[in-house]
Amino acid sequence: MSTQEAQERLELLQGTLDLLILRTLIFGPRHGQGVARAIQETSEEELLVEHGALYPALQRLEQRAWISAKWGVSSNNRKARFYSLTAAGRKQLVKETTKWKRLSKAIARILGSEAAEG
Amino acid sequence: MFGRKRKLDDFTAEIEAHLQLEIERLREQGLNEEDARASARRTFGNVTQARETFYESGRWVSWDHFWQDVRFGLRMLRKTPGFTVMAVVTLGLGIGANTAIFSVVNALLLNNLPYAHPERMGTIYMRTTGPQAADERRNVDGEQWELLRDDAPSLLCAVSSMGTSGVNLQAGSHVQYLRAGRVSAHYFDVLGLQPVLGRNFSEDEDRPHGPKTAVLSYGLWRTTFGADPNILGQAMLLKGEPYTIIGVLSRNATTPLNADLYTALQARRDGEGQGTNFEPIARLRDGVTWQQANAEMNRALARSLRVQNFAKNNPGAQRAYYFVPLQKSETDMLRPQVLSLMLAAGFILLIACANLAGLTLVRMLRRTGEIATRLALGASPWQVQRQLWIENLLLALLGGAVGIEVGFLALRGLLLLLPEHFLPVTTVPLDSRVLAFTLLLTLMTSILFGMLPAFTTRKVDLRSSIASRTVIGARTARLRQALIAGEVALTVVLLAAAGLLIRTLIHLETMPPGFNPSGVITAKASLDDVRYHDPAAFRKLLNESLASMREIPGVQNAALGLTLPYERALINGVYLKDGKESGQGVETNEVYVTSGYFDTLQIALVAGRAFTDGDGPDAQPVVVINRSFARRLSHGADPVGRYLNRDGKDVLIVGVVGDTVLSSAGELHAGSAPLTSEETIYVPAAQMDAQSLALVHSFFQPSWIVRSSGPVEGLTAQMQRALAKADPNLPFSGFYDMKDLMAATLVTQRIEVALLAAMASLALLLSAVGVFALVANMVVQKTREIGIRMALGSTVGQAMLQIGRSGVGASLLGVVLGLVLSAGALRVMRGVLYGISVYDVPTMATVVFTLVLVTLLATILPTLKIAKIDPANTLREE
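First to last, the sequence lines map onto chains A and B. Mind the numbering: the first sequence is residues 1 to 118 in the numbering used here, read in order. Mind the numbering: the second sequence is residues 1 to 878 in the numbering used here, read in order.
Treat the hints as calculated values from the structure; they're not laboratory data. Careful, some of the hints might be misleading.
To be verified - Derived coverage of chain B by chain A (criterion: at least 3 residues anywhere in the stretch with Cβ under 8 Å from a Cβ of chain A; other residues may be distant):
no., stretch
1, 20–29
2, 805–811
Unchecked claim - Computed, partial: chain B to chain A, Cβ under 8 Å:
no., residue
3, 14
4, 15
5, 17
6, 43
7, 66
All residues carry an ideal CB built from backbone N, CA and C; glycine is no exception.
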């Protein structure tokens with residue numbers, strides 16, 4: 001049913017969203033809304049992240065100790081929870097990036113050859 | 001883990017902050033408040049869902065569910081207070097018994113002795129093969145001690161006297177009776193004890209005829225010497241001689257001797273050094289293994305005369321010495337007792353678990369409706385099971401908490417029961433290991449008694465369970481009966497074991513004493529005193545003090561003996577002078593006595609004469625022998641007028657007296673009962689020479705014996721005054737009647753009986769409760785059926801019989817099982833039974849009778865309720 005669908009979608013997004021969050025945090029601590037905006041803006045609005053889906057991902061990354069969080073004050077003087085990359089998270093980012101690049105290259109190759117054949 | 005947990009509130013606040021930031025950004029882009037809010041919410045998605053995802057992602061859920069289950073479980077337990085109290089008390093008693101016994105096991109067998117590196121400390125054992133096979137702790141003689149000391153370089157060896165002996169210490173005008181231990185140089189070094197003041201004995205002080213020195217225990221230094229910091233080098237009058245104080249042990253220092261003060265042993269090869277009278281203890285030097293030490297010790301001891309003589313006289317027999325860690329040898333004697341008590345305690349816990357399994361089973365089945373409803377409302381079987389297990393765990397934990405209390409009290413009681421220095425350890429703590437054991441036991445019990453009900457509830461059938469009300473099937477009743485049979489069987493074993501020990505104790509306590517124990521009071525004083533090494537002074541003391549005691553009004557007679565019936569006696573070797581066995585050595589108990597000894601104790605004279613005042617120091621040396629010795633000597637011929645060779649002198653046997661009962665602790669014969677009648681010779685106190693007096697008085701304190709016709713007011717004070725007339729500086733250490741002496745000898749048996757009887761009673765009580773609960777439950781469950789039967793013409797008696805059968809049947813099956821079990825298991829008790837066999841019919845009959853009686857009681861009480869059943873009511877009730 002609906003939860004099942006949501007879980008499937010989540011699983012589909014899981015690896016990618018985690019990678020994007022880690023990547024965004026490489027420039028320094030950000031709060032949740034900042035991360036969402038950054039992903040959207042950097043991807044030139046191609047990727048539309050549902051903000052609500054971001055938080056379980058952040059929660060998960062925090063539990064794995066790849067990011068750490070603490071309450072702070074935003075540039076416009078609002079209280080917000082700021083996430084920053086830990087050393088383990090940085091390592092994970094490198095690993096995931098490499099993996100993602102190989103994966104996309106491989107897929108691109110397959111898709112490319114398919115296009116040639118078709 | 002829980003500390004890292006984020007609260008849901010915190011998460012909500014974060015989402016709120018996110019929305020605000022988004023709204024602000026949108027407003028900066030020109031949207032109005034309302035549009036911005038709507039847009040932010042839209043982009044965020046479902047806030048509630050995000051919160052739920054967060055909640056479920058954490059371990060919050062299972063934690064909350066767990067608490068829910070615990071709260072529900074506590075509510076359920078509160079709803080059935082009768083069941084809960086019964087279960088907690090049952091478990092508390094079972095766990096308490098185990099906690100108490102385990103703390104003794106822990107203190108004796110698991111905890112280290114209070115010495116540095118106790119694993120490197122050893123005592124000497126000897127294994128003998130051949131016809132006289134043995135494997136036991138051994139002491140050494142003077143020559144062997146020198147060999148160990150000088151020829152075993154990988155060991156630091158020391159020896160001590162066997163146990164302590166009473167001595168008189170004169171501090172100021174006051175004379176005190178104390179327990180003194182005699183130890184060699186390095187004794188305290190082997191134990192790793194450093195004195196708080198002064199030093200340990202030097203090798204020079206330990207040589208024969210060396211300077212007289214003493215080391216005080218901390219307690220004596222505090223009480224008698226007022227913790228005087230300048231005590232070192234001072235002299236005190238000990239054993240009638242000045243001794244120089246050279247050291248004070250620290251407050252926590254304990255030794256295997258546990259003496260008030262220590263003097264240098266000054267071991268020699270002659271005198272006491274001729275016998276194996278020294279208790280060795282050794283510490284392994286660094287870098288040496290026990291194997292090396294064993295080899296070295298065997299090489300050294302092989303050169304001793306004792307070992308060479310044994311080899312000469314026993315061709316084919318092999319003797320090997322080896323070290324056993326001090327811990328093991330100190331607890332060797334108690335180990336089987338303690339372990340069998342632990343086993344008995346385990347039985348009790350099993351019985352408690354069986355009872356509880358029966359009770360929880362019924363409880364679960366009563367709740368079938370509730371469980372079925374929960375399942376119908378969508379609870380998973382796992383959730384239902386978890387709920388049940390949590391309830392079991394709660395019960396067990398409550399029982400465990402009560403058990404720790406019970407165990408603490410039981411342990412206190414047990415330690416009060418034990419005489420001082422009975423255990424080789426100073427404290428028996430309820431430490432973390434005991435508590436961990438109790439916790440483990442608690443968890444185990446919850447599994448043990450919860451397993452059966454949990455299995456039955458797995459088979460709950462939804463439809464039939466909700467519909468029907470009668471839930472106790474025949475299968476469950478049989479299961480409960482099996483549990484009862486099992487616990488009754490264990491109870492039979494415990495009762496039989498306790499019964500056999502009780503019979504043994506009765507046998508020992510009612511052994512014909514061979515004298516008249518009533519109307520006798522005795523008092524001990526230490527003659528380990530240089531003044532009384534002189535036989536003339538010794539005789540004068542005896543004559544004057546006994547004469548004064550005879551003058552006390554009401555006193556019939558007074559005498560003195562080195563030892564008394566019920567006590568262990570000195571062991572001496574004598575040679576038979578004539579007949580077939582001429583020249584053969586015989587080991588025997590030996591007691592010096594004054595001429596009135598046999599009269600005063602009313603020991604029967606069988607042949608010849610008793611001692612008279614004429615048997616003085618210059619007269620013909622004489623002895624009186626007892627019946628057992630006479631049998632050994634002459635096989636029926638008259639021994640009076642024949643001679644023995646004792647200590648190099650020919651002594652004339654002038655009389656034969658009846659056997660008296662005495663302690664076998666002298667180990668004249670291996671494996672004899674704690675109280676026996678053995679070969680004994682009596683010698684006149686007046687014929688003891690100086691050397692013998694010094695020797696025997698360093699082991700034994702003689703007893704003054706007074707017989708009175710009736711109770712005499714202030715007799716003990718008058719006896720002390722009578723002694724003071726002869727020597728004002730000689731205190732009695734205490735006054736005893738014959739019952740005291742018998743109790744002291746049988747203390748181990750008495751403690752065993754008390755503990756095992758207590759445990760067996762507990763088992764009996766628990767079994768009775770089990771039968772009672774089974775039958776009471778049957779009555780409740782079958783009220784309707786009984787009502788119908790009675791409406792159809794059955795009498796109350798028939799109904800009672802019908803219901804009661806279940807309890808009686810189960811119990812009888814248990815009795816039979818228990819008897820079979822006892823026949824096999826109790827054979828291990830053979831070594832501690834005296835005067836009866838393992839298959840003792842009266843004991844078994846009593847056990848069976850007791851159980852039948854208790855079963856009938858436990859069955860009849862609940863069935864009495866049946867009489868109150870009104871058939872009309874029960875039928876209408878539905």
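Checklist entry - Was the hint right that residue 66(B) lines chain A, CB cutoff 8 Å? => result Nearest chain A Cβ about 20 Å off; hint violated.
Checklist entry - At a threshold of 8 Å, is the proposed contact between residue 14(B) and chain A supported by beta-carbon distances? => result 5 Å, holds
Checklist entry - How about residue 15(B): closest beta carbon in chain A under 8 Å, or not? => result 7 Å, holds
Next on the checklist: Hint residue 43(B) vs chain A: min CB-CB distance below 8 Å?
Outcome noted: Check passed: Cβ of residue 43(B) comes within 5 Å of chain A, closer than 8 Å.
Checklist entry - Per the coverage rule (Cβ-Cβ under 8 Å, at least three residues), is the stretch 805–811 of chain B covered by chain A? => result violated (count 0)
Checklist entry - Is the interface hint for residue 17(B) satisfied, with its Cβ closer than 8 Å to some Cβ of chain A? => result 5 Å, holds
Next on the checklist: For the stretch 20–29 of chain B, count the residues whose Cβ lies under 8 Å from any Cβ of chain A; is that count three or more?
Outcome noted: It holds, with 5 qualifying residues against the three required.
Checked against the numbered hints listed earlier, the structure breaks hints 2 and 7; every other hint is satisfied.
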